[in-house]
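**Student:** Sequence:
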Amino acid sequence: MIRTARHVLLSLATFVVALHVAAQSQQPKTVNPAVDAVASQLRALTHLTADEWRYHAGDLPHGEDVGLDDSSWTVVKSRSQAPEDAVWYRRWIVVPPTLNGYDLTGTKLWFRFSASANGPIPEIVYFNGRRVAMGEDLEPIILLDPVKPGDRVLIAVKLLQTVDKKHFEDAVIRVEFPSTRPSPLDLLQEIESASALAPSLGTKSQLVAEGVERAAKAVDLGALGEAKQQAFDASLEKAHALLLEVKPDLQGTSVRLTGNAHIDAAWLWPWTETVDVVRHTFATALQLMHEYPQYTYTQSAAAYNQWMYENYPSLHQQIVDRVKDGRWEMVGGMWVEPDLNMPDGESLVRQLLIGKCYFKEKFGVDVRIGWNPDSFGYNWQLPQIYKKSGIDYFVTQKMAWNDTNQLPLKLFWWQSPDGSRVLTYFPHDYVNDIEPVRIVSDVAIARQLNPGTPVMMHLYGVGDHGGGPTRSMLDSGLHWTSPDRVAPQMKFSTAQDFFSEIETKLDTQHAPTWNY
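Under the working numbering, think of the first position of the sequence shown as 13, with each following residue one higher.
There may be inaccurate statements among the hints.
[What the hints assert, rightly or not] When the alpha-carbon atoms are kept at most 25 Å apart in a straight line, the in silico DSS-like pairs for lysine-lysine are as follows:
#	residue 1	residue 2
1	K120	K240
2	K160	K259
3	K177	K89
4	K216	K229
5	K250	K240
6	K216	K517
7	K503	K517
8	K216	K503
9	K410	K400
10	K372	K399
11	K374	K399
12	K336	K374
13	K240	K229
14	K503	K259
[Stated by the list, open to error] Between beta-carbon pairs, the in silico distance windows are:
#	residue 1	residue 2	range
15	W392	S494	38 to 46 Å
16	I154	W413	28 to 36 Å
17	N130	I154	26 to 34 Å
18	A278	W413	18 to 26 Å
19	K120	M354	48 to 56 Å
20	T416	A239	49 to 57 Å
21	Q173	A295	26 to 34 Å
22	T416	E303	29 to 37 Å
23	C369	G141	54 to 62 Å
24	I154	Q521	48 to 56 Å
25	A239	E96	21 to 29 Å
26	D77	C369	56 to 64 Å
Keep in mind the hints are simulated off the structure, nothing from the lab. Just so it is clear, CB atoms sit at the ideal spot from N, CA and C, and this is done for glycine as well.
The task is simple: from the sequences and hints, build the whole structure.
**Tutor:** What follows is the structure in C-alpha cells.
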C-alpha cells in the first residue's frame with residue numbers, strides 16, 4: 013500500500029502529536045479518577061521533596077563546608093537559570109518520621125542533581141562536607157542507606173564554569189524500598205503501564221481497565237494515612253495479585269531492550285576529545301558485559317573503532333571477542349553518522365563502502381542495518397543507496413522531534429524513486445532509561461500507528477557525549493524482565509534480533525510504504 017505524505021499527515025498529524033505529548037508526561041493520567049487518586053498517593057511515597065535550594069553565583073572556597081553560613085544566599089527552585097561562572101547550591105535534607113504515612117526505616121535514598129548548559133555540565137557533589145561524586149551525566153548517588161527517621165544530610169553541589177548559561181532542571185531524592193516490603197513504586201508503575209496500554213488492546217481494553225480499577229481499589233489508603241505499615245503492605249500485595257490476572261493481556265507485544273551510546277564526533281567539543289569519550293564509553297560497555305551476562309550493546313561508526321584499534325589495541329580485541337559472542341553489535345555501516353541532507357550521493361556511497369569494508373575486515377561483520385538517529389533530515393535517494401550497498405534496514409527517529417510535520421508511522425518501508433526500499437523503524441529517541449511507563453507509552457503509540465505490531469525496540473543509554481547504558485539502567489532492566497512484574501514482555505536484545513523477529517511475526521510485505 014502506498015501512503016502519500018499529504019493524505020496521511022492531514023488525517024493523523026494532530027493525533028500523533030497528542031500521543032507524543034502524552035508519552036512524555038512524567039505523571040500519566042488515566043480515564044478513571046479513582047485510579048488516578050491512588051496513583052497520586054503512591055507517587056507521593058517515591059521521593060522526598062527537594063525543590064528549594066540556597067544558591068550562590070560565583071565560586072568560593074569550601075562551599076561544601078557544613079559550618080558555612082549560607083543564610084544570606086538566594087533561595088531558588090528548579091527550572092531556574094544561572095550564569096556561566098561556577099555556582100553553588102546547598103540544602104539540608106532531614107528524614108521525616110514518616111513520608112505521608114510510610115515508615116522510611118530501612119529504605120535507601122538516591123540523589124541526582126540535573127543541570128545543563130546546552131549540554132552536560134561538570135558538577136561536584138558533597139554530602140556533609142565530603143565529596144561523593146564528580147563528573148558529567150552522573151548516575152544517581154546513594155544519599156542514605158539504610159535510612160532512619162531523623163537522619164540529616166547537607167547536600168552541596170558545585171557546577172563548574174560553562175560557555176552558555178546554566179539551567180537548573182531539578183533535584184530528585186528517590187526512595188528505594190526494602191526487599192522485605194512490597195514496593196509502592198513497582199505497583200505504581202504497573203498500574204500506570206497497564207492503564208496506558210489498555211486503550212490500544214481492542215476487545216481486551218475493557219477487561220484490562222476493569223482489572224486495573226480493582227487493583228487500585230485494593231490499596232488501603234486509610235491504613236497508609238494512619239501509618240499502619242502491615243495493613244498497607246498487605247493491601248499492596250493484594251493489588252499486585254489482582255494485576256497479575258491482566259498480565260497475559262499486556263504481553264501480546266514484546267519489547268526488545270537495546271543498549272546504545274550516541275556519540276557526536278564533534279559538537280560542543282573537538283574531535284580529539286571524542287576519542288577519549290569513545291574510549292570511556294566502550295570500556296564501560298565492556299566492563300558492564302562482565303557484570304551483566306544478559307547485556308547487549310549496539311554501536312555505529314567505523315571511525316570510532318579505528319581510533320580504538322590504533323590507540324587502545326587491548327580494548328579493540330575485547331570488542332572483537334564480544335562481537336564473536338553476539339553481544340556487541342555493529343550497525344550503521346558508515347564511517348561516521350553523517351548529515352543526510354548536504355552530502356551528495358557519491359559521498360554517502362563512499363561512507364558505506366569504506367565503513368562496511370572496515371567492519372568486514374576488522375570484525376568479520378557484514379552490516380545490514382542503517383543507523384542514523386540524529387540526522388535532521390533525509391534525502392529521498394537514501395533507500396536506493398542503502399539497498400545497493402547491502403543495507404536492508406534503517407533506524408532513525410529525529411522526525412519525531414518535528415512539531416509541524418510529524419511522520420505518522422513507526423514501522424514502514426521507506427522507498428526511493430527507483431523503487432528500492434528498506435524496512436525502517438522509529439524508536440522513541442536514543443537516550444532513554446529502562447522505565448516501564450515510558451516504554452508502554454511508546455508501545456501504545458506503535459499500536460495506533462501500526463496496528464498488530466507484535467515487537468518493539470527500545471533504545472536505552474546515555475548519549476550525545478557518549479556514556480551508554482549505566483548500572484542503574486541495567487538493574488532496572490533486570491527488574492522489569494523478571495517474570496513476576498506486570499508489564500509487556502521485555503528482553504535484552506540486539507537491533508538485528510528485533511528486525512528478525514518482526515519479519516517472522518509480521519507480514520512486513522504489507523507494512524505501509526512511505527514513498528517520499
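**Student:** Check the hint pairing K336 with K374 against an upper bound of 25 Å on the C-alpha distance.
**Tutor:** holds (11 Å)
**Student:** Could you check the hint for me, namely that I154 and W413 are 28 to 36 Å apart, CB to CB?
**Tutor:** Taking Cβ atoms as reference, I154 and W413 lie about 35 Å apart, which means the hint holds.
**Student:** Could you grab the alpha-carbon distance between K216 and K229 and see if it respects the 25 Å cut-off?
**Tutor:** holds (20 Å)
**Student:** Keeping to a limit of 25 Å between CA atoms, is the pair of K160 and K259 held or broken?
**Tutor:** Measuring from Cα to Cα gives roughly 36 Å; hence the hint is violated.
**Student:** State, for the Cβ atoms of D77 and C369, whether the hinted interval 56 to 64 Å holds or is violated.
**Tutor:** holds (58 Å)
**Student:** Does the structure keep K503 and K517 at a Cα separation of 25 Å or less?
**Tutor:** Answer holds: K503 to K517 is near 16 Å, not above 25 Å.
**Student:** Are K410 and K400 close enough, with their CA atoms no more than 25 Å apart?
**Tutor:** Distance of about 24 Å is within 25 Å: holds.
**Student:** Just to be sure I understand the hint, the distance between the Cβ atoms of A278 and W413 should be within 18 to 26 Å; is that true here?
**Tutor:** Roughly 21 Å apart at Cβ, these two residues keep to the hinted range, so it holds.
**Student:** Compare the distance between the alpha carbons of K216 and K503 with 25 Å, and conclude whether the hinted pair is satisfied.
**Tutor:** The hint holds at about 24 Å.
**Student:** Is the hinted range of 26 to 34 Å satisfied by the C-beta distance from Q173 to A295?
**Tutor:** holds (28 Å)
**Student:** Does the alpha-carbon distance linking K216 and K517 stay inside the 25 Å limit?
**Tutor:** With Cα atoms ~21 Å apart, K216 and K517 stay inside 25 Å; holds.
**Student:** Do the beta carbons of C369 and G141 sit within 54 to 62 Å of each other?
**Tutor:** holds (56 Å)
Consistency note: the structure conflicts with the earlier hints numbered 2, 22 and 25.
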